[in-house]
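Student: Spelled out, the chains give:
2 protein chains.
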Amino acid sequence: MKSEFELIERLKQLLPPISSQVELGIGDDAATVHWNEKRILTTVDSLVEGIHFDWKFCRPSEVGKKAMNANLSDIAAMGGKPRFALIALGLPISWDQEKIEGMYRGIAEVCGERGVDVVGGNISRNPERLWISITVLGDPANGVLKRSGAQVGDVIFLSGTVGEAAAGLELLRSQPERARQQFPNLVRRYTEGHAQIELGQLLGKKPKVHSLIDVSDGLSSELWHLSKASQVEVVIQANQLWVSEELQRASVIFSQSPLRWQLSGGEDYELLGTCSSESWKVLHQECESLKIPIRVIGEVARAGAGVYLKNESGHLEPLPALGWNHLST
Amino acid sequence: MKSEFELIERLKQLLPPISSQVELGIGDDAATVHWNEKRILTTVDSLVEGIHFDWKFCRPSEVGKKAMNANLSDIAAMGGKPRFALIALGLPISWDQEKIEGMYRGIAEVCGERGVDVVGGNISRNPERLWISITVLGDPANGVLKRSGAQVGDVIFLSGTVGEAAAGLELLRSQPERARQQFPNLVRRYTEGHAQIELGQLLGKKPKVHSLIDVSDGLSSELWHLSKASQVEVVIQANQLWVSEELQRASVIFSQSPLRWQLSGGEDYELLGTCSSESWKVLHQECESLKIPIRVIGEVARAGAGVYLKNESGHLEPLPALGWNHLST
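Chains R and Z, in that order, are what the protein sequence lines are. This note's numbering numbers the first residue of the first sequence as 597 and each following residue consecutively. This note's numbering numbers the first residue of the second sequence as 597 and each following residue consecutively.
These are calculated hints, taken from the structure and not from any lab test. Where is the CB? At the ideal position from N, CA and C, for every residue including glycine. Heads up, a few of these hints could be off.
Unchecked claim - Partner residues aside, some chain Z positions facing chain R, computed with beta carbon under 10 Å:
id : residue
1  : L603
2  : L687
3  : E841
4  : V848
5  : I849
6  : Q852
7  : L855
8  : A897
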């Protein structure tokens, strides 16, 4: 079993077939189920000490914010509106009440801002490390914004900037004090995250947005998810990716192109999707008027499966999935 | 912070106030939220290797069944009907695909029997031990069957037998082969569990059932939960607790009264509740005709807070909460 995704596929086969009440089951950012005449969007995600965060670099409130944002991002990736959350905690032997309270203050801040009610949870022991799983329930978009809906001829859009969380982590690891002083945005991208809920809901109202996914595993990996799920080949242009001033400076420090972070770094929680080129014009204008940064970074070239990077000279090179594999660490 | 319950209370205070959409939030077996004109019951629970189960004594499919049953029991304790589940897994470094698949076969069996759709999940690393959290969504009863509804004068009823899971574990620990051969029921009570969903739904339809809780932390602890939440003193009679033939035999082996297991043993997933004595007659008849074992074990004596055990000679002695504290292990 090489990857998380193969294991999920295998385990899915062992489960009973889903009922007609399930509109979208295992395999996307969130599930959509029918509840009488209504529909519910639901998702679960976990943050594990030493795997997804390190107390050496992260303050307790930041861990709480990130745990919540990672989950809310899965709702945003379906064009939904988050409403309720449940929290399953695993406390290590050496747990520290101030840390846990700090984490909850971070959770509370995000929930307060986003109008999410924490309605339940569970506390267990997990002797070696803190575990936090959050389940979120939300209102789905009118349609279902799956990763499998990309159509040949669509433009590929991406919100904001990617690679920043990964650069933030690398800076924190090598020089934590300087990182917080000189690269506050990159650090915050990594330590807190930010879910694109407003943009997700805006996209959820556009019938011509054909597919959507959030960038949690890294851009190249997400492009592969879109490609495989939609059975299309996608081409992106490296020079269409925005590079922030801080990312530019970080790339100088590490003597490398920002592109490595942009293609392989995870946890940026930006939204990646596809729509027809006509609807892009309208969408772009609307986002501009709302000051939401979003840009076309490529196109859905043809049926098939593959991800290609068009470099500055117009040359196409195959782009492997460079991002996060949850089972490789 | 002495216990899980104090910590939950503290963390709850840090969260924003819940909105009017939440009918019942943190603190009961499951939460009830409004979803447009409908209502949803939701709960999360975790099973952790080495804390809640041990591969030495438990087969993979049993772990899967127990993880599911523990969650379904929280839905039963609210009189609800389970519908959808999400599973968050944490895989240790030394994970074994056969074990995980076996566990999913157990999950699949319970979900198939109970008509529950597994609609999503998440896989992470948890290097030292397997972690499994399950979130369940269900249809609530017409009313809300809280642990806080017990009324003075109510009878206290308990389904089936308790203490069996704890005895099963003790047998497995001391003589695993003999345990499986000679005490198959006790072993199954511990290794698989069984959620009282039919009974829960039946109780959920009775307007005169005033309170309900499932016996997951141990009878004495659950009585204390009822007592504190309802602000009443409760009295139970030791001789009203059923003792199965296997529990009787186990108590001989360990030279002790079955009462210790019955009062302190957790994970039996029976239902404990209160109702008026008139409605008990109807309820009892109905359960008898459906062959659901249920019995009156005591009464809600007066306002206050306290749990008392009436022994064979009619003497009352205070009963402390002897059950499981999730933070003491």
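Student: Next step is simple, just say for each hint if it's right about the structure.
Tutor: Hints, one by one, checked against the model:
Annotation: interface hint on L603(Z) holds; nearest CB of chain R at approximately 6 Å, less than 10 Å. Nearest Cβ of chain R to the Cβ of L687(Z): about 7 Å, under the 10 Å cut. The hint holds. At its closest, the beta carbon of E841(Z) sits 33 Å from a beta carbon of chain R; the interface hint therefore is violated under the 10 Å criterion. With a cut of 10 Å, the hint placing V848(Z) at the interface with chain R is violated, because the nearest CB-to-CB distance is about 33 Å.
A least Cβ separation of about 29 Å between I849(Z) and chain R goes past the 10 Å threshold, and the interface hint is therefore violated. Interface hint at Q852(Z): violated, since its Cβ lies 27 Å from the closest Cβ of chain R, which is beyond the 10 Å cut-off. Because the closest C-beta pair between L855(Z) and chain R is about 27 Å apart, greater than 10 Å, the hint is violated. The beta carbon of A897(Z) is not positioned within 10 Å of any beta carbon in chain R (closest approach about 31 Å), and the interface hint is therefore violated.
Taken one by one, the earlier hints fail for this structure at numbers 3, 4, 5, 6, 7, 8, listed in ascending order.
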